[in-house]
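Asks: Sequence:
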Amino acid sequence: MSEKLRHRIQRAKRINALMTGVFTGIGGFFLGLIIVLAGYIIIHGLMSYYPGLLSFTSKGIGNQLFNTVYLVFWALLISVPLGVLAGIYMAEYAGDTKLTRFIRVCIESLSSLPSIVIGLFGYLVFILMTGARWNLFAGALAVSILSLPSVTTTTEDAMRSLPKSYKAGSMALGATHWVTIVKVLLPACTPRIVTGVILAAGRGFGEAAALLYTAGQSTRIVWNNWNLSSVTCPLNPFRPGETLALHIWVMRTEGALNPNSEKIANFSAAVLVIIVLAFSMTARYLAGRYGKKQMGEKA
Numbered sequence: 001m002s003e004k005l006r007h008r009i010q011r012a013k014r015i016n017a018l019m020t021g022v023f024t025g026i027g028g029f030f031l032g033l034i035i036v037l038a039g040y041i042i043i044h045g046l047m048s049y050y051p052g053l054l055s056f057t058s059k060g061i062g063n064q065l066f067n068t069v070y071l072v073f074w075a076l077l078i079s080v081p082l083g084v085l086a087g088i089y090m091a092e093y094a095g096d097t098k099l100t101r102f103i104r105v106c107i108e109s110l111s112s113l114p115s116i117v118i119g120l121f122g123y124l125v126f127i128l129m130t131g132a133r134w135n136l137f138a139g140a141l142a143v144s145i146l147s148l149p150s151v152t153t154t155t156e157d158a159m160r161s162l163p164k165s166y167k168a169g170s171m172a173l174g175a176t177h178w179v180t181i182v183k184v185l186l187p188a189c190t191p192r193i194v195t196g197v198i199l200a201a202g203r204g205f206g207e208a209a210a211l212l213y214t215a216g217q218s219t220r221i222v223w224n225n226w227n228l229s230s231v232t233c234p235l236n237p238f239r240p241g242e243t244l245a246l247h248i249w250v251m252r253t254e255g256a257l258n259p260n261s262e263k264i265a266n267f268s269a270a271v272l273v274i275i276v277l278a279f280s281m282t283a284r285y286l287a288g289r290y291g292k293k294q295m296g297e298k299a
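Note that my numbering has the sequence shown beginning at 1, numbered continuously upward.
In case anyone wonders, no lab produced these hints; they're calculated from the structure.
Virtual Cβ for every residue (Gly too), placed ideally from N, Cα, C.
A hint or two may mislead.
[To be verified] Calculated cross-link-like contacts (lysine to aspartate or glutamate; reagent style DMTMM-like; alpha-carbon spacing at most 25 Å):
{"id": "1", "residue 1": "Lys164", "residue 2": "Glu262"}
{"id": "2", "residue 1": "Lys164", "residue 2": "Glu92"}
{"id": "3", "residue 1": "Lys183", "residue 2": "Glu262"}
{"id": "4", "residue 1": "Lys13", "residue 2": "Glu3"}
{"id": "5", "residue 1": "Lys98", "residue 2": "Glu108"}
{"id": "6", "residue 1": "Lys98", "residue 2": "Asp157"}
{"id": "7", "residue 1": "Lys183", "residue 2": "Glu3"}
{"id": "8", "residue 1": "Lys167", "residue 2": "Asp157"}
{"id": "9", "residue 1": "Lys167", "residue 2": "Asp96"}
{"id": "10", "residue 1": "Lys183", "residue 2": "Asp157"}
{"id": "11", "residue 1": "Lys167", "residue 2": "Glu92"}
[Said to hold, decoys possible] Computed spacing ranges between beta-carbons, pair by pair:
{"id": "12", "residue 1": "Ala175", "residue 2": "Lys4", "range": "49 to 59 Å"}
{"id": "13", "residue 1": "Val105", "residue 2": "Gln217", "range": "34 to 44 Å"}
{"id": "14", "residue 1": "Gly169", "residue 2": "Asn225", "range": "29 to 39 Å"}
{"id": "15", "residue 1": "Pro51", "residue 2": "Gln217", "range": "32 to 42 Å"}
{"id": "16", "residue 1": "Thr20", "residue 2": "Ile116", "range": "21 to 31 Å"}
{"id": "17", "residue 1": "Ala168", "residue 2": "Leu85", "range": "32 to 42 Å"}
{"id": "18", "residue 1": "Val182", "residue 2": "Ile34", "range": "35 to 45 Å"}
{"id": "19", "residue 1": "Gly60", "residue 2": "Ser165", "range": "54 to 64 Å"}
{"id": "20", "residue 1": "Leu128", "residue 2": "Leu235", "range": "49 to 59 Å"}
{"id": "21", "residue 1": "Glu262", "residue 2": "Gly95", "range": "55 to 65 Å"}
All chains, full assembly: derive it from the sequences and hints.
Replies: Following this line, the structure appears as structure tokens:
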């Protein structure tokens with residue numbers, strides 16, 4: 001090996017080590033920032049707790065917590081099936097035409113729309129045009145519009161990144177295209193599709209602007225009333241419902257009406273962060289177990 005070649009190899013190794021250290025440092029910085037931010041919100045919020053703050057009364061945040069989880073459930077129920085089916089269509093059925101390129105541009109544009117615009121759209125379409133009052137289902141529809149692009153693009157990218165041998169091997173054994181998608185491609189994509197679902201859920205948990213015009217800011221729940229047609233029934237999706245994110249905003253903007261507004265807002269923020277972290281970790285754990293099971297490994 002010549003001296004010049006040896007020098008070039010050593011120089012490449014030094015540059016590689018340097019860039020590895022730089023990118024590791026950047027990743028560590030953002031990881032540390034997230035840990036510090038989440039830790040500060042959780043610790044500061046838990047220190048603001050006082051008895052009765054988790055109760056399901058007008059003085060607690062139990063109703064707002066339930067509304068948040070219930071609204072996200074409806075939003076995922078709408079956006080995940082539509083987003084997965086749209087991603088399958090874009091990856092497996094749609095060709096590379098001007099129309100599909102235009103659809104991709106529309107999906108990307110939709111993902112960058114401000115949530116306040118979606119909220120106004122939801123107010124005009126889901127409230128005014130239907131003659132309805134503010135309700136959780138209208139809020140779920142607005143959040144599903146915001147979440148749909150992430151689920152769609154994640155599904156499409158996951159299916160396009162699979163090795164071609166997956167599809168070729170399945171169809172060589174006599175499976176149809178749809179059976180191949182359902183039995184082979186989708187199970188292999190599940191861990192990555194979960195990423196889109198987590199992003200969609202996170203958008204729903206933390207959304208406030210879009211819900212301000214659709215879900216409303218009032219909550220009146222009677223927990224022994226299970227008549228789904230009643231506006232006070234907890235499971236009635238067509239009743240007004242204030243979420244935790246909206247409650248935090250109200251406590252910070254109209255805090256003079258409540259002497260404990262700062263403590264309520266801090267604790268609500270902590271609960272919201274804990275919910276998002278718990279949902280993300282649980283979803284990834286279940287997706288990992290499902291992926292191992294599909295690969296024949298011990299879960």
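Asks: Hint by hint, say whether it matches the structure.
Replies: Each hint, compared with the structure:
no.: 1; hint: Lys164 x Glu262; verdict: violated (55 Å)
no.: 2; hint: Lys164 x Glu92; verdict: holds (12 Å)
no.: 3; hint: Lys183 x Glu262; verdict: violated (51 Å)
no.: 4; hint: Lys13 x Glu3; verdict: holds (15 Å)
no.: 5; hint: Lys98 x Glu108; verdict: holds (15 Å)
no.: 6; hint: Lys98 x Asp157; verdict: holds (19 Å)
no.: 7; hint: Lys183 x Glu3; verdict: violated (56 Å)
no.: 8; hint: Lys167 x Asp157; verdict: holds (15 Å)
no.: 9; hint: Lys167 x Asp96; verdict: holds (19 Å)
no.: 10; hint: Lys183 x Asp157; verdict: holds (18 Å)
no.: 11; hint: Lys167 x Glu92; verdict: holds (10 Å)
no.: 12; hint: Ala175 x Lys4: 49 to 59 Å; verdict: holds (56 Å)
no.: 13; hint: Val105 x Gln217: 34 to 44 Å; verdict: holds (35 Å)
no.: 14; hint: Gly169 x Asn225: 29 to 39 Å; verdict: violated (55 Å)
no.: 15; hint: Pro51 x Gln217: 32 to 42 Å; verdict: violated (25 Å)
no.: 16; hint: Thr20 x Ile116: 21 to 31 Å; verdict: violated (42 Å)
no.: 17; hint: Ala168 x Leu85: 32 to 42 Å; verdict: violated (23 Å)
no.: 18; hint: Val182 x Ile34: 35 to 45 Å; verdict: holds (36 Å)
no.: 19; hint: Gly60 x Ser165: 54 to 64 Å; verdict: holds (55 Å)
no.: 20; hint: Leu128 x Leu235: 49 to 59 Å; verdict: violated (25 Å)
no.: 21; hint: Glu262 x Gly95: 55 to 65 Å; verdict: holds (56 Å)
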